[in-house]
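Mind docking chain F on chain W? Use the hints.
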Amino acid sequence: MPVEIDIAHVARLARLGLTEPELDHYRDQLAVILEHAARVQELEGEPDVDVTHPLGVVNAFRPDEVRTSLDREEVLGQAPEARDGYFVVPPALEL
Amino acid sequence: MDAPNIATAGEKLRDGSLTAVQLLDGVLKRAADTEAQIHAYLTIDRSGAIAAAETADRELAAGVDRGPLHGIPVALKDNMVTRGLETTASSEILSGYLPPYDATVVSRLREGGAVIVGKTNLDEFAMGSSTENSAYGPTYNPWDITRIPGGSSGGSAAAVAAGSALVGLGSDTGGSIRQPAALTGVVGMKPTYGTVSRYGLIAFASSLDQIGPLSRTVLDSALTLKAIWGHDPLDATSYRGEYPDLLEGIGDGVEGLKVGVVKELSGEGYESDVDERVSAMVDQLGRAGAEVAEVSLPTFDIALSAYYLIAPAECSANLARFDGIRYGLREDGETTEEMMSRTRASGFGPEVTRRILLGTYALSAGYYDAFYGQAQRVRSAIRDDFARAYSSVDVLVSPTSPTVAFKAGERTDDPLAMYLSDICTIPSNLSGDPAISVPIGLDSRGLPIGFQVMAPALGEPMMYRVASVVEQLAGFDAQPSLELVAG
Numbered sequence: 002m003p004v005e006i007d008i009a010h011v012a013r014l015a016r017l018g019l020t021e022p023e024l025d026h027y028r029d030q031l032a033v034i035l036e037h038a039a040r041v042q043e044l045e046g047e048p049d050v051d052v053t054h055p056l057g058v059v060n061a062f063r064p065d066e067v068r069t070s071l072d073r074e075e076v077l078g079q080a081p082e083a084r085d086g087y088f089v090v091p092p093a094l095e096l
Numbered sequence: 015m016d017a018p019n020i021a022t023a024g025e026k027l028r029d030g031s032l033t034a035v036q037l038l039d040g041v042l043k044r045a046a047d048t049e050a051q052i053h054a055y056l057t058i059d060r061s062g063a064i065a066a067a068e069t070a071d072r073e074l075a076a077g078v079d080r081g082p083l084h085g086i087p088v089a090l091k092d093n094m095v096t097r098g099l100e101t102t103a104s105s106e107i108l109s110g111y112l113p114p115y116d117a118t119v120v121s122r123l124r125e126g127g128a129v130i131v132g133k134t135n136l137d138e139f140a141m142g143s144s145t146e147n148s149a150y151g152p153t154y155n156p157w158d159i160t161r162i163p164g165g166s167s168g169g170s171a172a173a174v175a176a177g178s179a180l181v182g183l184g185s186d187t188g189g190s191i192r193q194p195a196a197l198t199g200v201v202g203m204k205p206t207y208g209t210v211s212r213y214g215l216i217a218f219a220s221s222l223d224q225i226g227p228l229s230r231t232v233l234d235s236a237l238t239l240k241a242i243w244g245h246d247p248l249d250a251t252s253y254r255g256e257y258p259d260l261l262e263g264i265g266d267g268v269e270g271l272k273v274g275v276v277k278e279l280s281g282e283g284y285e286s287d288v289d290e291r292v293s294a295m296v297d298q299l300g301r302a303g304a305e306v307a308e309v310s311l312p313t314f315d316i317a318l319s320a321y322y323l324i325a326p327a328e329c330s331a332n333l334a335r336f337d338g339i340r341y342g343l344r345e346d347g348e349t350t351e352e353m354m355s356r357t358r359a360s361g362f363g364p365e366v367t368r369r370i371l372l373g374t375y376a377l378s379a380g381y382y383d384a385f386y387g388q389a390q391r392v393r394s395a396i397r398d399d400f401a402r403a404y405s406s407v408d409v410l411v412s413p414t415s416p417t418v419a420f421k422a423g424e425r426t427d428d429p430l431a432m433y434l435s436d437i438c439t440i441p442s443n444l445s446g447d448p449a450i451s452v453p454i455g456l457d458s459r460g461l462p463i464g465f466q467v468m469a470p471a472l473g474e475p476m477m478y479r480v481a482s483v484v485e486q487l488a489g490f491d492a493q494p495s496l497e498l499v500a501g
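Chains as they are written, first to last, in my numbering: chain W, 2 to 96; chain F, 15 to 501.
Extracted from the complex, chain W is given alone in its bound form (with noise of 0.2 Å):
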């Protein structure tokens, strides 16, 4: 089955900024992946889809008690940017 990728389009919805030679070597490869991986289609007959925890554990909840939260300093000293206790980045909206 061939298979047709707007490669450009999937780059931006992933956010990766890729070269026009980058975006066309990984749709070539994309391509032979999907090929093989169109394979999904061969499955014979319709199982119950359960694709739920193997040990069925579901709605886990843990006590609402207050704990100690991960030292603000520390994380935010990981950041690229930071100040006055939040994180710095450029502008999302055009003012």
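Heads up, a few of these hints could be off.
Stated by the list, open to error - Take a look, some chain F residues computed to stay more than 12 Å from chain W by CB distance:
| hint | residue |
| --- | --- |
| 1 | Gly-81 |
| 2 | Thr-206 |
| 3 | Ala-294 |
| 4 | Ala-302 |
| 5 | Leu-333 |
| 6 | Ile-339 |
| 7 | Glu-351 |
| 8 | Met-353 |
| 9 | Tyr-375 |
| 10 | Asp-447 |
| 11 | Arg-459 |
What the hints assert, rightly or not - To be clear about the criterion: a stretch of chain F counts as covered by chain W if any three or more of its residues have a C-beta under 8 Å from a C-beta of chain W, and this derived list gives those stretches:
| hint | region |
| --- | --- |
| 12 | 237-247 |
| 13 | 340-349 |
| 14 | 355-366 |
| 15 | 379-388 |
Read the hints as simulated data drawn from the structure, not as lab findings.
Idealized CB from N, CA, C, for every residue including glycine.
Frame of chain W, contents of chain F only:
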């Protein structure tokens, strides 16, 4: 140096003939002698390890015994976070990252008195089967340094094989513990999904990832798993029920057990030495009293296809967190989106980029049902196949990998060929069941061959029972003939 294991070293630590500091010294010396050739470690925490070993000795002298891992040098795959100790997942995007907390497995190792030697190399974000996709350079196989150690836990596997750790932790999403264990001649085990906490494991594919041990012996594997598994409220998928006794069946033999040989995992694409050694072991199990039968699980033929849709889909969602805001690399941009796109293009290597694109595509509008939805149906069908098989056998067996360790660079330009390395291991990840690889011998070139034992969910005691018989029958005691540069 003799290759000590947890059980033998533990005896000496307790009868006073060995201290944890001496044991660590031997391991660090071995690392100093071998690292230039194999590059198993990204970071060796010498001072932290010495301090932990000194504490272990003081405690033992004072009568405080924290259990089988007390004083034992352990290697950690570098996708498990360690507070204040650089954790990169072998990615440029996390270069210099100092985590503000310990993963649950790390806390449990510390509570168990283990000595953490350092952080081991992996394929970037655990995506790969050769440990060549590391931003910090590949790891090489101690049995032949022109070959890869398998992956993605190749660093931990190589460290255990070379003697620069007694035991290692890895993570297994599609075979990343078992395949490198097979290729380096050590024991590698993936536990039942949900039994070892993933809190602090840098996520690749959350419905498949499990942490497990790489060790020299089957007993060491069980002792290590015992120390790290159990319910953890910090992991929402953590199992809350009863955990079985891992050691209960070891030593009971295989008399009367039913062993199923997976028909789909042999033949075309499998090296003849691998097929022959595995068949010979199956015959030995039969002579040891097991009832052996061939079992067909037809959906295994399309397991790889389902895996290469499900794992990348989950990876594309999990790796969205690497956006240049909270940690790691940032490349400048005029807007937030431009900053993110530049950071991610620059920080991720080719295999990670490929899988993010693949997963994003498989989840995107118009393709979701044909690819991801259908892959989930295959996953369910694989579980049905396993359930049918386990209604007539106690365990399933197969090779761990269709080939022995391949040459460095041999598959780096052919993603599909690389993906085929995991064809025997992927089904147990899709089902969530436990599986182990045990070394059973060497091929004609002197490279290790692994034998896989699979069991149903929470069937670890049965899996270890059979694995310990395999270990005994194989009598595998070869050591890598690593030529030392110094030493």
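Exercise for the section: Quick one: work out the minimum CB distance from Glu-351/F to chain W and report holds if it exceeds 12 Å, violated otherwise. Expected result: 7 Å, violated
Problem - Beyond 12 Å from each Cβ of chain W, as asserted for Arg-459/F - result: The claim stands: Arg-459/F keeps its Cβ more than 12 Å from every Cβ of chain W (closest is about 29 Å).
Exercise for the section: Decide, holds or violated, for the assertion that all CB atoms of chain W are farther than 12 Å from the CB of Gly-81/F. Expected result: Holds, because the least Cβ-Cβ distance between Gly-81/F and chain W comes to about 25 Å, which exceeds 12 Å.
Problem - Interface-negative label, Ala-294/F against chain W, beta-carbon threshold 12 Å - result: 32 Å, holds
Handout entry: Non-interface claim for Asp-447/F versus chain W (Cβ beyond 12 Å)
Key = Given a closest Cβ separation of 7 Å, the condition is violated.
Exercise for the section: Establish whether the coverage given for the region 340-349 of chain F by chain W is satisfied; the threshold is a Cβ-Cβ distance below 8 Å, and no fewer than three residues must meet it. Expected result: holds (count 9)
Practice task
Check the non-interface label on Tyr-375/F: least C-beta distance to chain W beyond 12 Å or not.
Solution key: For Tyr-375/F, whose nearest Cβ neighbour in chain W is about 5 Å away, the distance does not exceed 12 Å, so it is violated.
Handout entry: Interface exclusion of Thr-206/F relative to chain W, criterion Cβ beyond 12 Å
Key = 7 Å, violated
Exercise for the section: Three residues minimum, CB to CB under 8 Å: does the region 237-247 of chain F make the cut for coverage by chain W? Let me know. Expected result: violated (count 1)
Handout entry: Stated coverage of the region 379-388 of chain F by chain W [criterion: 3+ residues, CB within 8 Å]
Key = This one holds; 3 residues, not fewer than the three required, reach chain W with a Cβ under 8 Å.
Problem - Interface-negative label, Leu-333/F against chain W, beta-carbon threshold 12 Å - result: Per Cβ check, Leu-333/F is inside 12 Å of chain W; nearest 9 Å; violated.
Practice task
Evaluate the condition: distance from the CB of Ile-339/F to the nearest CB of chain W exceeds 12 Å.
Solution key: 5 Å, violated
Checked against the numbered hints above, the structure violates hints 2, 5, 6, 7, 8, 9, 10 and 12; every other hint is satisfied.
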